[in-house]
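Based on the provided sequences and hints, a complete structural model is requested.
As a plain string of letters, each chain reads:
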Amino acid sequence: MKLTELFQKKEFVITSEVGPMKGCARNGRQAAFLKEAESLKDFVHAVNVTDNQSAVMRLGSLAASVLLKQAGIEPIYQLVCRDRNRIALQSDLLSACTLGIDNVLCLTGDHLKLGDHPTAKAVFDVDSVQLLDMARGLNQGRDMMGRDLTQSTGLALGAVVNPNFQPLDLQLLKMEKKIEAGAEFFQTQAVYDPKLFETFIRKAEGFGVPIQYGVVIIKSPKMAKYMNENVSGITVPQALIKEMAGVPETQYKDKAREITARLVKEISPMVQGLHFMPLGWPDLVPAILKS
Amino acid sequence: MIGTTKKPFPEIMAALEGYQKVAVVGCDGCAKVCLTGGTDEVAALAQELRAQGKEIVFEACPERTCNVVKADPVLAPLADRIKEAEALLVLGCGGAVQITRELTEKYGITVPVKTGLNSVGHMDTLIGGTLAVEQCQECGDCILNETGGICPVTKCAKGLLNGPCGGAEDGKCEVDPSRDCAWILIYKRMAALGETAKLKKFTAPKDYSKAAKPRVLHIKEGRVA
Ligand code: SF4
Ligand code: SF4
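Sequence order for the protein chains is A and B. Residue numbers for the first sequence follow numbering that gives the first Met the number 0, beginning at 0 and rising by one. Residue numbers for the second sequence follow numbering that gives the first Met the number 0, beginning at 0 and rising by one.
Source of the hints: derived by calculation from the structure; they are not laboratory data. Among the hints, a few may not be true.
To be verified - Distance condition first, Cα-Cα at most 30 Å in a straight line; then the derived DSBU-like pairs of lysine-lysine:
#, chain 1, residue 1, chain 2, residue 2
1, A, 120, B, 6
2, B, 69, A, 112
3, A, 40, A, 289
In C-alpha cells:
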C-alpha cells in the first residue's frame, strides 16, 4: 500500500520507525526490530526501516523491509546515498519494487565520520534531490541515462525536511527542489517547539505536499542534553528539559508521554500525519495516540 | 599547491632499511611552502639520517620536482652520484617522487626511490607558513559559476550539489562543527549578490567520467584524456 494513496484519501497518516540490528536475521529467529514493528502494527499505517543509520553497519534496510512486509506490516524502505553509487541506487530501487516494496524514503545519509566504519570510502555519488529524480525516472520507465526499463517501478517517494534548520529559507529551497524532483510526502526532523514548527509550516504548506510531523520521544533530561550536544539538526528547548528534570526518575516515562502528547496535540492540526521515532519506548506510541 | 606533511621519522627509517648510502631530493615548490621538503628541510633530514648512521650521497632541491623541465636539469648532472646511492629519498609530493623515479629510469639507473612525505591534497594558502585549506578537487567540470564561487564538491563534507543536508547547526557542518557549512556559505554569498533564486535550479549528478583517473592533459590542445 502506498502512503500517497492514504494521503489522497485524506487519512491522517501515522508511521513509526525501526532500525535493523547488527547481525543476520536468518532462520526465522525473531529479530528485535521485527518485534518492535509488530508491537506497533495496530497503531500505525507503516513503519520506516532505517538504512545503516548513523553510518553504523547493520542488516540491510531492503531485507528488513521485506521481512516487515511478510509479517503484514507496511514498510517504508529508507535508502541513503552514502554507500552506493548511481548504479547501485537504481538497481536497489528496482529490487525493492520487485520484492513488493511500495514506499521509499530518499535520503542523503549521515556521514561516515559519525559511524562505526570511519575509515570507509564515502560514496555520495548523487544527493537526495538527484536520487528522487532518478527514482521518479524509474517510476516513469527509464533509467537516469534515459534508457527504457522492461518494467517501470511503482514506488511512492518520500523525503525529509528539517524545520529547525537556520536559515529556514535555505532548507525550504531544498524542500522545493525535492518536490520538483519527485518527492510526494515529507517526514520532518524532530521538533520540540510548536511556534518554530508553525513558522515552518506556514511557509511549506503552500507547496501542497503532505507533511508528517517527526516525533522523537525525550526519555530523560540526560537524553535531551545528549541530543542537543550530539545530534545535529535537533534542538530541545531548555524549558522542556527543566520540565522533565522536575519529576523523579521513576516518573520520566509518564512525563515523556505527557510532553509528547502535548506537542502532538498542538502540532497535529498543522500536518497530514505523524512520524514517530520512539528510540526504545515503542509502547508509548499507542498511549500518546490515545491521549 | 599540493599539500604535504612529513612522514614520522621511524617510518622513513623503515623505508630506508638496508640502504646505507642515501641521496635526499627535495622540492623548492609546494613542499617548501608546506615546510616539508624545501632546501632547509632537506638539510635537516639529511642531518637526522646521518645521526642514525646513514651516509648521505648528495642533497638536491629542484625548484619544482614535479615538473620534469625543472627537475631534469638538476638531477641529470648528478647521474653518477645517483648511481652511487643505494636509495633516493624524495621530500616532495607523490608526483615529485614519481617524476624523480622516471628520471632515474631515463638515466638508465635502477635505484629505489622512496618518499618522506604524505600528500594531502590540492591546498590553497590562507595564512603563509601557517594555514592552507582544500577548496578544489579538480572534478573536471567546474560549477563555481553556479555556486557563488564556493565549491560544494570540496567544501561540503558530502559533496552535495542541490543544497544542504539537514544537519548544519549555527552555520557549522554536522560532520565537523569547527567548519562552516559550505551550503550556508554559498547561500549567504548568493544572497549578498541578490542571486539566491538561481540556487533553485536542479543540478544534475556530476559527470565523473571527467574525473576518471588517471587523467592526461594534452597541454597544447587543452585536451584531457
Ligand atoms: S567544481 Fe569544485 S572541484 Fe570542480 S573544478 Fe570547480 S572548484 Fe574544483
Ligand atoms: S552540514 Fe553543510 S557542509 Fe556539512 S555535510 Fe551538511 S550540507 Fe555539507
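- Task: Quick one: which hint numbers does this structure break? Sort them smallest to largest.
- Result: 2
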